[in-house]
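J.: Sequence:
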Amino acid sequence: MVLFSDSVNKTKMIGKKFASLLNKGDVVLLGGELGVGKTVFIKGILEGFNFPSHEVISPSFTLIREYRIKNFPIYHIDLYRIRVKEELINLGYEDYFYSPQGITLIEWGDRVEDILNIYIKVELSFVNEMKRKISIVTKGYSHEKNLLLDSLRI
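Just so you know, we're using this note's numbering here: the sequence shown kicks off at 1 and counts up by one.
Treat the hints with care, since some could be wrong.
Below, simulated DSSO-like cross-link-like pairs (lysine-lysine); rule was C-alpha separation at most 30 Å, straight line [what the hints assert, rightly or not]: (1) Lys70 to Lys121; (2) Lys16 to Lys70; (3) Lys24 to Lys70; (4) Lys17 to Lys121; (5) Lys17 to Lys133; (6) Lys10 to Lys133; (7) Lys133 to Lys24.
Pair ranges (Cβ atoms, derived) [as the list claims (entries may be wrong)]: (8) Glu66 to Leu152: 38 to 44 Å; (9) Lys70 to Asp95: 19 to 25 Å; (10) Asn71 to Met1: 16 to 22 Å; (11) Phe72 to Glu129: 36 to 42 Å; (12) Ser7 to Gly140: 29 to 35 Å; (13) Asp114 to Asn23: 19 to 25 Å; (14) Glu66 to Gly140: 21 to 27 Å; (15) Thr138 to Ser99: 16 to 22 Å; (16) Pro52 to Asn117: 19 to 25 Å; (17) Phe72 to Asn128: 34 to 40 Å; (18) Ser7 to Asn71: 31 to 37 Å.
None of these hints come from the bench; they were simulated from the model.
Just so it is clear, CB atoms sit at the ideal spot from N, CA and C, and this is done for glycine as well.
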């Protein structure tokens with residue numbers, strides 16, 4: 001599936017609508033160049049769970065932030081500073097990547113794509129200064145989940 005956004009607000013809105021398709025246990029990998037809107041998309045996802053987006057900060061230095069949504073956590077992980085997979089082992093990544101209690105959102109997710117068997121990948125790319133292309137694909141999900149994602153029309 002491919003969507004387009006021509007503003008920060010629209011990228012957030014797409015993220016908010018995308019949130020309605022997520023379930024506990026989902027892992028979302030976000031990819032794209034620096035400044036393309038990965039954190040903005042995540043702010044939209046958290047807004048979709050009624051969490052104030054102004055409290056969402058990219059965990060570039062802390063690596064992991066946990067947001068409490070109702071009765072479950074959303075883990076926001078930023079792997080920009082991770083260079084080798086051994087660093088992930090030291091973080092105890094399995095606790096986050098395979099947690100059935102929460103949803104995991106991973107910026108720079110391409111760095112762990114090869115070690116995961118199931119995920120939703122959201123790739124953001126520049127079309128021009130204001131316009132973004134948002135591609136969504138899955139790996140390891142059922143046909144039903146893919147149909148739900150295909151229903152995401154803005």
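J.: The structure should be examined with respect to each hint, and the outcome stated for every one.
T.: Structure-based check of all given hints:
no. : hint                        : result
1   : Lys70 to Lys121             : holds (25 Å)
2   : Lys16 to Lys70              : holds (16 Å)
3   : Lys24 to Lys70              : holds (12 Å)
4   : Lys17 to Lys121             : holds (16 Å)
5   : Lys17 to Lys133             : holds (16 Å)
6   : Lys10 to Lys133             : holds (12 Å)
7   : Lys133 to Lys24             : holds (26 Å)
8   : Glu66 to Leu152: 38 to 44 Å : violated (26 Å)
9   : Lys70 to Asp95: 19 to 25 Å  : holds (20 Å)
10  : Asn71 to Met1: 16 to 22 Å   : violated (30 Å)
11  : Phe72 to Glu129: 36 to 42 Å : holds (37 Å)
12  : Ser7 to Gly140: 29 to 35 Å  : holds (32 Å)
13  : Asp114 to Asn23: 19 to 25 Å : holds (24 Å)
14  : Glu66 to Gly140: 21 to 27 Å : holds (24 Å)
15  : Thr138 to Ser99: 16 to 22 Å : holds (18 Å)
16  : Pro52 to Asn117: 19 to 25 Å : violated (33 Å)
17  : Phe72 to Asn128: 34 to 40 Å : holds (38 Å)
18  : Ser7 to Asn71: 31 to 37 Å   : holds (33 Å)
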